[in-house]
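Trainee: Read off the chains here:
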Amino acid sequence: MSLQQVTAPGIGPSIGSPAPVDVGLRKWIGARSSDHLIKVLSVLTLISLWYLLSAVLPSSVMPAPHVVAEVLWKQMVGGEIWNHVAISLTRIVLAFTLAMSVAILLGFAMGLSRTAESFFDVWVVCGITMPSLVLILTIFMVVGLNEKAAIVGAALPVVAILSINIWEGIKGIDQKLIEMAKAYHAGQFRIIKSVVAPQIAPILLASSRFGLGLIWKMVLFVELLGRSDGIGYKIEFYYQMFNMGEVLAHALLFLFVMLFIEIVLLGMLEKRLFKWRPAKRRL
Amino acid sequence: MSSAASIEIDHVSKIFPGRGGAQDFKALDNATFTVDAGEFVCILGPSGCGKSTLLNILSGLDDQYEGVASIHGQPVGRHGVKGSRIAYIFQEPRLMPWRTVRSNIEFALLASGFAPSEWKERIDRCLALVELADFGDFYPLQLSGGMQQRASIARAFAIEPDVLLMDEPFSALDELTARRLRQQLLTIWSTFRSTVLFVTHNAFEATFLSDRILMMTKGPGGRFCDEVKLDGLTRPRSYEDVRVFEASKKVVERLVSHVGSLDEE
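From first to last, the protein sequence lines stand for chains A and B. Take the position in the first sequence, starting the count at 1, then add 759; the result is the number in my numbering. Take the position in the second sequence, starting the count at 1, then add 34; the result is the number in my numbering.
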């Protein structure tokens, strides 16, 4: 195998191309921009569909995108909305930390010990089957309509599914690499640091992204049910006032904030951590 | 020091206890042999005869066995053997995919206690020996299977092992690649002269590589049943050498006489 094949799979000069510049250009147009173009078209289509829907439905039910954008702009300049974003984000961070900590404990215990696996198996299965609404209402009843209940209520419904995620990951750790390290007589500490931890990191990162996506929806839900601040509360408030423009504006802003965290922050972290992985192949 | 025993296996048996009422499984039955320092010995036997169990005992991966296994007179334990460096080449490359080839070798050097100042020179030398000089900064998944196995060979020789254990390292490769790697292995070994214990079920491979072949019967409870000395085959050896081919035919005949038909493999 030659060096070139390794670094640039599948890229060869096309037949009859007069100059390498042309090949480069075509490659650029072909690979890069067709992907971007499709994404831009996808977003435009989504907005058009929204317009179409707003044309069919009364504007009080489904306001057009530019109307919502205007409402959103006023809110963003006005400033009050940012307080609610901050409140919701704080709840997300707390609930996420709580859910991840419990899930890590459960997932590791189940991945490492047979006894723990058979013991918690039932709990976890019950946990994923139980409707989130029931769990949240129960927590509100037991703990009371307060901040503590909101955070526990947002965290609890996702603990089971996160535990399963981490448990599966731990079971997938490559024992053969650990054997290799032992055969070269690496110490216990070095095996954990250099062989086990690098395999656990991607599991935790994937679970974090997954968990965050679930938690922020739970937090909005909890706020809607039993809090008097936060984006979830504001959405419920404007819903009661039949003000769909505000409902959509709040939802949209929060969506942008979460997309930023999810794609930009976690996505970049993932890219940095996994540069050793070959590019994904399409089937 | 001409024929000091490097590896000593004295009445070693290994029984895997049966789980949940199942019968105990005897993987190795009363094995006894020695390997001299600098000798290249192949253990030849059918699949499942306990060959790999033996390597796991010698490498310290498995310390639940009967009998005595020692290297340079010291019993083998979980943390290796004092004063001897042991390297292990597995059937698969077993490289950490998140580390570059160079960094994978550094892991072995660190575990074996080499000073970081020596690393670069050792790694460059061993990568050159396996013709991977330009690939040190590549990640394993960017390389072909044969190249990955060569990297794992470089890792083994980088720690300058006194004893090198090899567990069917070429059996997962296509025959042409395997041939090249066998030749390469002999060339590298001739400069290092480590004691090698090489496990295989391939009679030709055993003949081509080793000074001496130890044959094992079928498992479970595989036993050592025969020994073939290959002193007559001078080194360096080549695939075109008719004597290697003739010798391997005799080895196959003897193996068949002990094991029965080889077809079942």
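Since the hints were made in silico from the structure, they are not lab data. Here a beta-carbon is modelled for each residue, glycine too, at the ideal position from N, C-alpha and C. Treat each hint with caution, since some may be false.
Listed below are several chain B residues computed to face chain A (Cβ distance under 7 angstroms; list not exhaustive) [claimed, not checked]:
1. 116
2. 117
3. 130
4. 132
5. 145
6. 148
7. 226
Trainee: Hold the hint about residue 145(B) up to the distance rule: shortest CB distance to chain A must be less than 7 angstroms.
Mentor: holds (4 angstroms)
Trainee: Does the interface hint hold: is residue 117(B) within less than 7 angstroms of chain A, judged Cβ to Cβ?
Mentor: Violated. Min distance 12 angstroms.
Trainee: For the restraint on residue 116(B), tell me whether the closest CB of chain A is nearer than 7 angstroms.
Mentor: Cβ of residue 116(B) sits 11 angstroms from chain A, so the hint is violated.
Trainee: Under the criterion of a CB-CB separation shorter than 7 angstroms, is residue 132(B) in contact with chain A as hinted?
Mentor: Holds: closest Cβ of chain A sits about 5 angstroms from residue 132(B), inside 7 angstroms.
Trainee: Given residue 130(B) as an interface hint, is its Cβ closer than 7 angstroms to any Cβ of chain A?
Mentor: holds (6 angstroms)
Trainee: Does the CB of residue 148(B) sit less than 7 angstroms away from some CB of chain A?
Mentor: Because about 12 angstroms separates residue 148(B) from the closest Cβ in chain A, which is outside the 7 angstroms limit, the hint is violated.
Trainee: Holds or violated: is the Cβ of residue 226(B) closer than 7 angstroms to a Cβ in chain A?
Mentor: This interface hint is violated because 17 angstroms lies over the 7 angstroms limit.
Checked against the numbered hints given earlier, this structure breaks hints 1, 2, 6, 7; the rest are met.
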